[in-house]
Amino acid sequence: MAAAPQSHDSAGVGAGKLDVEAIRADFPILERKIGDRPLAYLDSAATSQKPVQVTEAMRRFTEHSNANISRSVHTLGSEATAAYEGARAAVAAFIGAPSADEVVFTKNSTEAINLMAYAFQNSTIERGSDPRFVLRPGDEIVVTEMEHHANLVPWQQLCERTGATLRWIGITDAGRLDLEQVEEVINERTKAVSFVHVSNLLGTVNPTERIVARAREVGAIVGIDASQSVPHLPVDVAELGVDFAAFTGHKMLGPTGIGMLWAKAELLDAMPPFLSGGSMIATVTMERTTFAKAPAKFEAGTPPVVEAVGLAAAVDYLRALGMDNIRAHEKELAGYMLEGLESVAGLTVIGPRVPIGRGATVSFTFEDVHPHDVGQVLDSEGIAVRVGHHCAKPTCVRFGVAATTRASAYVYTTTDEIDRLVSSLEKVRKVFA
Amino acid sequence: MDLDELYQEVILDHYKNPRGAGLREPYEGESHQVNPTCGDEITLRVHVEGGEVADVSYDHTGCSISKASASVLFELVKGASVDDARARFEEFSALMSSKGLGEADEDTLEDAVAFQGVSKYPMRVKCALLGWMALKDALIRAEASVPTPGGAE
Numbered sequence: 001m002a003a004a005p006q007s008h009d010s011a012g013v014g015a016g017k018l019d020v021e022a023i024r025a026d027f028p029i030l031e032r033k034i035g036d037r038p039l040a041y042l043d044s045a046a047t048s049q050k051p052v053q054v055t056e057a058m059r060r061f062t063e064h065s066n067a068n069i070s071r072s073v074h075t076l077g078s079e080a081t082a083a084y085e086g087a088r089a090a091v092a093a094f095i096g097a098p099s100a101d102e103v104v105f106t107k108n109s110t111e112a113i114n115l116m117a118y119a120f121q122n123s124t125i126e127r128g129s130d131p132r133f134v135l136r137p138g139d140e141i142v143v144t145e146m147e148h149h150a151n152l153v154p155w156q157q158l159c160e161r162t163g164a165t166l167r168w169i170g171i172t173d174a175g176r177l178d179l180e181q182v183e184e185v186i187n188e189r190t191k192a193v194s195f196v197h198v199s200n201l202l203g204t205v206n207p208t209e210r211i212v213a214r215a216r217e218v219g220a221i222v223g224i225d226a227s228q229s230v231p232h233l234p235v236d237v238a239e240l241g242v243d244f245a246a247f248t249g250h251k252m253l254g255p256t257g258i259g260m261l262w263a264k265a266e267l268l269d270a271m272p273p274f275l276s277g278g279s280m281i282a283t284v285t286m287e288r289t290t291f292a293k294a295p296a297k298f299e300a301g302t303p304p305v306v307e308a309v310g311l312a313a314a315v316d317y318l319r320a321l322g323m324d325n326i327r328a329h330e331k332e333l334a335g336y337m338l339e340g341l342e343s344v345a346g347l348t349v350i351g352p353r354v355p356i357g358r359g360a361t362v363s364f365t366f367e368d369v370h371p372h373d374v375g376q377v378l379d380s381e382g383i384a385v386r387v388g389h390h391c392a393k394p395t396c397v398r399f400g401v402a403a404t405t406r407a408s409a410y411v412y413t414t415t416d417e418i419d420r421l422v423s424s425l426e427k428v429r430k431v432f433a
Numbered sequence: 001m002d003l004d005e006l007y008q009e010v011i012l013d014h015y016k017n018p019r020g021a022g023l024r025e026p027y028e029g030e031s032h033q034v035n036p037t038c039g040d041e042i043t044l045r046v047h048v049e050g051g052e053v054a055d056v057s058y059d060h061t062g063c064s065i066s067k068a069s070a071s072v073l074f075e076l077v078k079g080a081s082v083d084d085a086r087a088r089f090e091e092f093s094a095l096m097s098s099k100g101l102g103e104a105d106e107d108t109l110e111d112a113v114a115f116q117g118v119s120k121y122p123m124r125v126k127c128a129l130l131g132w133m134a135l136k137d138a139l140i141r142a143e144a145s146v147p148t149p150g151g152a153e
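Sequence lines, in order, name chains A and B.
Numbering follows this note's numbering, in which position 416 of the first sequence is assigned residue number 416; successive positions increment by one, without gaps.
Numbering follows this note's numbering, in which position 32 of the second sequence is assigned residue number 32; successive positions increment by one, without gaps.
Misleading hints may appear alongside valid ones.
[Said to hold, decoys possible] Pair ranges (Cβ atoms, derived):
hint, chain 1, residue 1, chain 2, residue 2, range
1, B, HIS32, A, LEU39, 32 to 40 Å
2, B, GLU9, A, ARG210, 52 to 60 Å
3, B, GLU5, A, ALA238, 49 to 57 Å
4, A, ASN66, B, SER93, 20 to 28 Å
5, A, LEU39, B, GLU103, 29 to 37 Å
6, A, ARG161, B, HIS32, 24 to 32 Å
7, B, GLU103, A, GLY400, 56 to 64 Å
8, B, GLU103, A, GLU85, 57 to 65 Å
9, B, GLU9, A, GLY96, 38 to 46 Å
10, A, GLY357, B, LYS16, 51 to 59 Å
11, A, ASP368, B, MET123, 19 to 27 Å
12, B, ASP105, A, ALA22, 55 to 63 Å
[Claimed, not checked] Take a look, some chain B residues computed to stay more than 10 Å from chain A by CB distance:
hint, residue
13, GLY22
14, GLU41
15, GLY62
16, ALA80
17, GLU103
18, THR108
Don't read these hints as lab results, they were simulated from the structure.
Think of the CB as a built atom: it goes at the ideal place given N, C-alpha and C, for glycine as much as any other residue.
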């Protein structure tokens with residue numbers, strides 16, 4: 001059985017740094033060759049790689065304890081239930097949630113955000129709903145111009161269906177939220193504010209204080225899309241003062257198929273169910289159903305049990321590394337990447353150009369070469385980057401580009417990999433010059 | 001991976017010097033196609049006269065493969081009968097779905113044979129087909145607005 005990694009504090013390479021070589025040894029995929037080149041995986045913002053501790057925990061569970069949860073009295077059933085609920089507790093502790101019951105497991109971030117949006121939609125349709133969730137024409141929902149489609153389309157749909165108005169906070173040329181707009185865009189008509197904590201395209205880390213304070217002032221429910229923040233920074237939901245946060249397992253060293261919605265217990269109680277069916281009920285007759293308390297109320301059907309086990313192992317792994325150390329490591333890589341990329345003639349960074357208030361996810365355009373072509377040539381060098389609109393088309397439009405090439409780093413990323421990215425751009429230039 | 005196989009000189013030449021680019025009048029059929037995975041777009045028009053594709057014009061944003069493909073399409077289809085244009089579409093589509101195993105006929109596909117290597121890269125096949133999908137659609141629209149004597153189906 002693989003052990004959790006050693007704590008990488010001051011005893012490591014240096015204060016605030018990670019022992020990257022030791023970490024890399026936990027990720028067998030990083031030894032892969034693409035053709036005859038070693039893989040340089042710079043696409044962790046799309047999905048992170050998984051350490052053996054995660055895959056091993058999932059294999060062990062499957063081979064030793066697999067059973068459905070909650071309703072079984074047999075030994076395997078109780079082991080599976082304990083593992084699943086243990087994962088919930090691990091996640092709650094990881095994000096500073098006051099209670100494990102405030103963590104709802106979903107399929108991914110997208111489903112978690114839809115769960116919130118549908119709480120508004122269903123409350124609007126049903127009688128006797130909590131008025132905070134009821135939308136009328138004239139009411140407003142606020143997002144930002146730098147949302148992933150996952151935190152845009154569900155709210156857009158909600159507004160279309162209820163007659164509410166969608167509004168958004170714009171982006172400055174430097175790739176930051178235009179906080180000057182906060183007081184105007186968030187106002188007495190605002191019922192909900194949902195904004196991205198860290199942009200998946202620009203890499204910007206958004207300051208939350210002013211937006212949260214303004215939402216409080218006008219009595220709106222406020223939450224964050226934390227898909228790109230929980231894996232990379234210390235996130236404490238109580239400290240942030242938000243009402244809900246959505247994030248996903250596969251971007252934080254865990255498996256695909258499991259996401260999370262954290263929301264305040266009091267809100268979860270006030271929200272109607274999203275998906276309905278088995279496991280989420282209190283009693284059922286042919287005529288009507290009463291529902292279980294949260295989180296079960298929002299977890300219809302058999303949940304992703306083995307995925308939860310893998311996720312818990314990922315949380316353990318991240319905790320052992322220390323989120324402060326991870327942040328420091330990525331801040332260093334962000335600076336290194338920005339410096340390297342900006343030294344390339346004809347390259348334009350889309351997003352903040354300084355490693356302050358940003359993560360190690362850097363989007364860029366290169367000459368007139370289409371990102372597909374950039375990505376293809378980089379792949380021939382073993383370098384995996386993401387190309388396209390990154391599910392944030394309005395952000396692309398804001399910067400006048402159809403698509404970008406995006407490199408993103410994580411705990412296992414080395415400066416050597418970034419060097420290879422930078423030097424390979426010359427090969428791109430050669431092919432398309 | 002063999003980059004030269006994908007980015008054949010012919011493809012890069014069409015990419016750098018696109019033939020027939022720009023939108024022109026008159027036209028009977030126009031189609032707008034989007035590749036939702038990457039956001040590439042093309043607007044393509046066909047001018048059909050007497051059962052013949054008198055002109056193909058287009059405006060697009062996209063990668064080298066999709067741009068070169070539209071340029072090659074222009075050369076192949078302009079001046080061809082509507083029937084022949086459809087036949088080229090079928091032939092090119094078949095080549096693109098061949099996973100690198102198709103045998104391109106240089107007599108009919110001319111420069112488009114250079115795209116044989118693209119068919120090995122499933123992520124890029126859609127790029128190569130974007131303009132051709134627009135052509136197919138535009139021809140249908142043109143036919144609906146002006147029946148082409150002696151042409152088609």
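Taking 29 to 37 Å as the hint, is the beta-carbon distance of A:LEU39 and B:GLU103 inside that range? Because 34 Å falls inside the window, the suggested range holds.
Between B:HIS32 and A:LEU39, does the beta-carbon spacing fit 32 to 40 Å? Distance hint for B:HIS32, A:LEU39 holds at roughly 38 Å.
So the hint says 20 to 28 Å: do the beta-carbon atoms of A:ASN66 and B:SER93 match that? violated (45 Å)
A:ASP368 versus B:MET123 beta-carbon gap, inside 19 to 27 Å or not: Roughly 21 Å apart at Cβ, these two residues keep to the hinted range, so it holds.
Assuming the hint says 56 to 64 Å, is it satisfied by the Cβ distance from B:GLU103 to A:GLY400 or not? About 43 Å separates the Cβ atoms of B:GLU103 and A:GLY400, which means 56 to 64 Å is violated.
For B:ALA80, which was marked as not at the interface, is the minimum beta-carbon distance to chain A over 10 Å? Correct as stated: the minimum Cβ-Cβ distance to chain A is 28 Å, above 10 Å.
Measuring Cβ to Cβ, find out whether B:THR108 lies farther than 10 Å from everything in chain A. Check passes; 28 Å lies beyond 10 Å.
For the range 57 to 65 Å, tell me whether the beta carbons of B:GLU103 and A:GLU85 fit it or not. At 59 Å between Cβs, range holds.
So does B:GLU5 sit 49 to 57 Å from A:ALA238, Cβ to Cβ? About 56 Å separates the Cβ atoms of B:GLU5 and A:ALA238, which means 49 to 57 Å holds.
Beyond 10 Å from each Cβ of chain A, as asserted for B:GLY22: Given a closest Cβ separation of 17 Å, the condition holds.
Indicate whether the distance between the beta carbons of B:ASP105 and A:ALA22 respects the range 55 to 63 Å. holds (57 Å)
38 to 46 Å as the expected CB spacing between A:GLY96 and B:GLU9, which holds or is violated: Given range 38 to 46 Å: violated, Cβ gap about 58 Å.
The earlier numbered hints that this structure contradicts are 4, 7, 9, 10, 14 and 15.
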